[in-house]
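Undergrad: Each chain is listed here by its residues.
Number of protein chains: 2
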Amino acid sequence: MMVRRRFIGSTALLGIAGIFGFAKRPIEKPLLHHVFFWLKNPESEADKQKLIAGLKTLAAIPTIRHIHVGVLASTEKREVVDTSWDVSELMFFDDEAGQKVYQDHPLHLAFVKNCSHLWTKVLVYDSIDV
Amino acid sequence: MMVRRRFIGSTALLGIAGIFGFAKRPIEKPLLHHVFFWLKNPESEADKQKLIAGLKTLAAIPTIRHIHVGVLASTEKREVVDTSWDVSELMFFDDEAGQKVYQDHPLHLAFVKNCSHLWTKVLVYDSIDV
Chain Z
18 MMVRRRFIGS TALLGIAGIF GFAKRPIEKP LLHHVFFWLK NPESEADKQK LIAGLKTLAA
78 IPTIRHIHVG VLASTEKREV VDTSWDVSEL MFFDDEAGQK VYQDHPLHLA FVKNCSHLWT
138 KVLVYDSIDV
Chain S
18 MMVRRRFIGS TALLGIAGIF GFAKRPIEKP LLHHVFFWLK NPESEADKQK LIAGLKTLAA
78 IPTIRHIHVG VLASTEKREV VDTSWDVSEL MFFDDEAGQK VYQDHPLHLA FVKNCSHLWT
138 KVLVYDSIDV
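Residue numbers (the numbering used here), protein chains in the order written: chain Z, 18 to 147; chain S, 18 to 147.
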């Protein structure tokens, strides 16, 4: 009975973890790779959607632990807030090796090949948790 | 028996969720508030640690769903990577209202009062998931 109960507990737990997207182990000191893109045609909604779709294909790269593709939030416009960019991606990696695997991955190279004509500027911030 | 087993299952689940920091519900379209700081004395390890400690006090603000305090990662130096900053903070909020609560929160105001002498420049990126 004890064994069965534990089994049920674990199954429920994995199920819930899966639903929440937290099935993988948490990252101790993640590497955050945050990239901002300035579109060549910022008025073109089609170009923006193409870039967003391209960025979302990167999610299949196995060393990416979490990915967020974003656009400008409507927060208060203050002097310190850069609101000049168009699309962003934030990725979490376990470490620098994981980020290197991503840089060299065929899906990333295909994304650059297919989408780099859409942007005029890219800015990257790589940080590691302390 | 059935009731007791369910109760044990749920307790284990909440316990594990708590350990992993995933006790709260997942955010549908989070607002990401990423801030980069340039220190007045970038050579001063003491100043850097003071800023890091100050940023970590912000974690107690209830509308912050996740917080990451970071420093420069040792990723490959490429033209597109900005490596000129010293300390960063990334916060996840449910929405813009949550971010506004943080901006006006006494812990945030105390942080600015106690730590703003440490930096010369701050740059903020506010994005929302798409």
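Calculated directly from the structure, the hints in this document are not laboratory data.
Do not take every clue at face value.
One copy or two, either will do: identical chains are not told apart, so a pair holds if it fits within one copy or between any two.
Computed cross-link-like contacts, DSS-like style, restricted to lysine-lysine with a CA-CA straight-line distance of at most 25 Å [unchecked claim]:
#1 57 with 117
#2 94 with 46
#3 117 with 94
#4 130 with 46
#5 46 with 65
#6 94 with 130
#7 138 with 94
Undergrad: Does each hint hold? Answer for all of them.
TA: Now the hints, each set against the structure:
1. 57 with 117: neither (27 Å within a copy, 32 Å between copies)
2. 94 with 46: Result: close only across copies, 20 Å inter versus 31 Å intra.
3. 117 with 94: Between. Shortest inter-copy distance 12 Å satisfies the 25 Å Cα cut-off; intra-copy 35 Å does not.
4. 130 with 46: This pair counts as neither: shortest intra-copy Cα distance 31 Å, inter-copy 28 Å.
5. 46 with 65: between (32 Å within a copy, 18 Å between copies)
6. 94 with 130: between (34 Å within a copy, 21 Å between copies)
7. 138 with 94: Both: 22 Å inside a chain and 17 Å across chains, each within 25 Å.
The earlier numbered hints that this structure contradicts are 1 and 4.
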